[in-house]
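S.K.: Sequence:
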Amino acid sequence: MYSKEKCRQLIDRILTVIKASEKDPVVVNKIDLHNLVKELDIYDLDFNKITGLRKELNFHNYKLLEKSDKHLKITKE
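In full-length UniProt numbering, the protein residues as written are 1 to 77.
Just so you know, these hints were derived from the structure itself, not from any lab. All the pointers check out, no bait thrown in.
The list that follows gives simulated cross-link-like pairs (lysine-lysine, BS3-like), each with its CA atoms no further than 30 Å apart:
id : residue 1 : residue 2
1  : Lys19     : Lys67
2  : Lys6      : Lys70
3  : Lys76     : Lys55
4  : Lys30     : Lys55
5  : Lys49     : Lys63
Between beta-carbon pairs, the in silico distance windows are:
id : residue 1 : residue 2 : range
6  : Arg8      : His34     : 16 to 26 Å
7  : Asp41     : Glu77     : 27 to 37 Å
8  : His60     : Tyr2      : 11 to 21 Å
9  : Glu22     : Met1      : 30 to 40 Å
10 : Lys30     : Arg54     : 10 to 20 Å
11 : Lys67     : His34     : 12 to 22 Å
12 : Lys63     : Asn29     : 11 to 21 Å
As the structure is a computational prediction, the values presented were derived from the model and not from experiment. Where a beta carbon is used, it is the ideal one built from N, C-alpha and C, also for glycine.
From just these sequences and the hints, can you work out the full model?
M.R.: Structure representation (structure tokens):
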């Protein structure tokens with residue numbers, strides 16, 4: 001698991017990517033978060049290690065359809 005601060009920053013960036021996309025469902029992958037991952041010194045991003053992701057997405061009215069270590073598939077509820 002990543003630290004609380006890293007998870008918060010990753011979740012914020014994921015939400016930014018989702019809101020900027022005009023597609024539904026949205027697929028978020030490692031490339032979308034490349035710059036932030038470098039800043040946080042994460043060498044191999046694993047979406048399964050981001051704690052609180054599903055809860056935060058639900059709070060913002062998004063539903064997590066698919067989650068793997070390489071990508072997320074998210075839709076608007």
